[in-house]
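First to last, the protein sequences are chains A and B. If you're matching positions, the first sequence starts at 1 in the working numbering and goes up one per residue. If you're matching positions, the second sequence starts at 1 in the working numbering and goes up one per residue.
Any given hint could be a false lead.
To be verified - Short derived list, chain A residues pointing at chain B, Cβ under 7 Å: (1) 31; (2) 32; (3) 35; (4) 43; (5) 56; (6) 98; (7) 105; (8) 106; (9) 113; (10) 133.
Derived from the structure by calculation, the hints contain no laboratory data. All C-beta atoms in this analysis are idealised placements derived from N, C-alpha and C, irrespective of residue type, glycine included.
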Amino acid sequence: MTGKKIVFGLFEDEEILMKAVKNVRNEGLKITDVLTPFPVHGLDEIMGLRQTKLHSAGFVFGMTGTLTALTFILWVSTANYPINYAGKPYLSLPSWIPITFELTVLFAAIGMTLTYLYLNRLAPGMKPKILDERITSHMFAMTFEINAETSENKKEEIRNVLKANGAVEIHEKDWDTL
Amino acid sequence: MFVSPIREPLIQGHKTYAQMSDDIIGPVEAKPTKMWLAAVTFCGLVALTGFTMIGLTITYGIGMWGLNKTVGWAWDITNFVWWIGIGHAGTLISAILLLFRQKWRTGVNRSAEAMTIFAVMCAGLFPIIHMGRVWLAFFIFPYPNTRGPVWSNFNSPLLWDVFAISTYFTVSVLFWYTGLIPDLATVRDRAKTAFRKKIYNIFCFGWTGSAKHWQRFESLSLVLAGLSTPLVLSVHTIVSFDFATSIVPGWHTTIFPPYFVAGAIFSGFAMVLSLMLVVRKVFKLEQYITLAHIESMNKVIILTGSIVGVAYITELFVSWYSQNQYEQYAFINRSTGPYWWSYWGMMTCNVVSPQLFWIKKLRRSVVFTFFMSIFINVGMWFERFVIIVTSVHRDYITSAWTMYYPTYVEIFIYIGTIGFFMTLFLLFAKVAPVIALAEVKAILKTAGDQYTGEHATHVQHEHAVEHMHDEKKDGNFGTELKPI
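Let the sequences and hints guide you as you build the complete structure.
Right under this line is the structure:
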């Protein structure tokens, strides 16, 4: 038992939530996470999240695909087993472009999706901590991590801030029993 | 965000987020109706008949088909190209329209993507069974072997096709499923029984909706859309290379790639409409798949249908202009030869009929659109039949001229794939939300009828105005714009 607990407020609208996130951060409280039923544009910026580097990973995977295709076809057609097709040159780059393109896309898509699943810890059989079942449907949650040592004053402050910024419900749950 | 008041709302009925979950996930939670069971049984039986005929083909060989030494490609490749083309609309809607920021895409993208995947599965069957010895189908992949190793021919469009179709299928599945994950999590959290929860938790990979996850989700969808856009264009381009790089009169034309891509999108949108018009009625989703959606899709049909029409006429002109007698005869034979009916069927369905959509009343009529969508699908099947069969049945030497007639085996394989496609779609519609729930929720504030259009009741929020100023700074909007 870590004694870790989560205090969270539920909001009904993303515009109220966005304002709340701004205000809460201005008051100097550290928001652990914000859970929403759909992607809210601009929320990551307001929360101060770093821009994801996932797309750069996609570029690297794509380039790996390009190089794999080109080097492999080059090796097969000019070194390993060159075959004369109607007297055409062994090294015929233009006709390799389609497969090179397809492999670039294939590598980028598969690599990026796997990276995405890994970073988000998403996989079949994961046991997620579900704070409230309405969060994936129509409620927005702002969460704060606390523990056994957190003072009553601090908890009270979090609750007050949530209430003042439009949270319609405020709950506290044990992380371990979720 | 500022929305022009002339934009039609895309979500009707003053919906709240909770109502949207109810409306869209409701059909997944409801007990299967008798209608659904009857439909799935019927389609399943049709699919089974098709697979039996494939079994016959594999057991006794390609001799079960009507092919002969002159006509080596007929219904098999016609069906292959037809199905692949149908798949293209799904990727166009989910990828290209995402890049163009078309909001109406959210109402139909999920089903259209599912349709893409099922259509590509049907398409993939044909090249495999037309090989005859299907157990040697793995020969098409470059793998180390004891025959040299003789690798596959990387200069051949048929091998490009192998790579194009398999990449297309894989990327479509990834795009579709990553988008489906958050919606499956919604189904999980609404589930009443522990078993149902467990099953959907497995399929939604344990999604919770954290802000960081959504940020990565958006980045992934954008890049996958960026990758799928050239991919979808490349796939049908490469399919057209199967013909264009040959020296058969009627096939050997450089117009093929754009002509095939436009035709693919044309037929795909027709299929999306055929399915969605039924889905919106059966699942009562008229408020999410509105007349505005249907009209937008019909506009895409006019555009692509006109491109296809121009391509047909260009082809005709070029065959005359080429002054090559074989090329000229290919087209005379298409329009006046023994298969004239398929040529004129294609011309009527694909060139003449979509022009009726210039009339606003017709493109906003559900019944008319439904019949039209069937018409276009028939026309596009004829197009592939015309290109393939009429070009090869009389090419160069008159002694080799012959006719082609399908056998019952080929006919039932084709009908069987339609049954297979419908079975998969019915199963999908029962276990997963047919509308991209999270994405539709994300456009509520800009496209819901309480916020935009004639019946708007909400005045734009302070926040929204603030946001507009930000965008003005970026130079996205003119200075004369006023909040609604």
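For a quick check of understanding: which of the numbered hints are violated here, in increasing order? 1, 2 and 5
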